[in-house]
Amino acid sequence: GAVVSQHPSWVICKSGTSVKIECRSLDFQATTMFWYRQFPKQSLMLMATSNEGSKATYEQGVEKDKFLINHASLTLSTLTVTSAHPEDSSFYICSARRDGGYSGANVLTFGAGSRLTVL
Amino acid sequence: SQKIEQNSEALNIQEGKTATLTCNYTNYSPAYLQWYRQDPGRGPVFLLLIRENEKEKRKERLKVTFDTTLKQSLFHITASQPADSATYLCALDENTGNQFYFGTGTSLTVIP
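Sequences listed follow chains A and B, in order. Quick note: the first sequence uses my numbering, first residue 1, plus one each step. Quick note: the second sequence uses my numbering, first residue 1, plus one each step.
Bound conformation, chain A alone (with noise of 0.2 Å):
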């Protein structure tokens, strides 16, 4: 079946300090990806929709030089937190979506998620 790693699954850094987290398609290409953040107990708030080849589209109030988003090839997208902050820990979801991928309609593939602690 259809599966995405994403790593670190959990990483601590100082503040200040950038993060990188990624997201692989093992066996399967993914044009689109999307990057969510999650706070205990809530849903998943989207923050960007990454496209392979071209520049991502961030959610309104997401800011995009603090969290750099790449979609080099057809199956890895990073998201990459700059100058981070207290603040920006939470569980971050990476998904990629699989066109056609069940009796032609697109469904989505989710990684493990990345817990950031930022001290």
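One or more hints might be untrue.
Claimed, not checked - A few chain B residues facing chain A, derived, Cβ under 10 Å: (1) Q6; (2) E15; (3) K17; (4) T18; (5) V45.
What the hints contain is simulated information worked out from the structure, not anything from laboratory work. The C-beta atom is built at its ideal place from N, Cα and C for all residues, glycine as well.
Put chain B on the given structure of chain A with help from the hints.
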């Protein structure tokens, strides 16, 4: 404004009973409605999808209904088991390919 609401944040049921979760939406025109399961500290996992022209879909102990007039989907888990305890999310796809809209989620606990 657009909204996707799922019934009560938390739902507790006895093992063996049927769990029924609801997903109501406002100001969307979904071509597909999907259900995902999320365990604590993990990413969601796709369970089932139903199209706008379908009334009902089944997969093993799972059943999904879709009423575009009521703008509602019901998700049923029959013969529930403690292992079914998780958060369940509904998601709408308007078939633009660029956006999936997620509901607030319902945390289900099946009590042994």
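#### Entry: Violations among the numbered hints, reported as their numbers in ascending order
Structure breaks hints 2, 3, 4.
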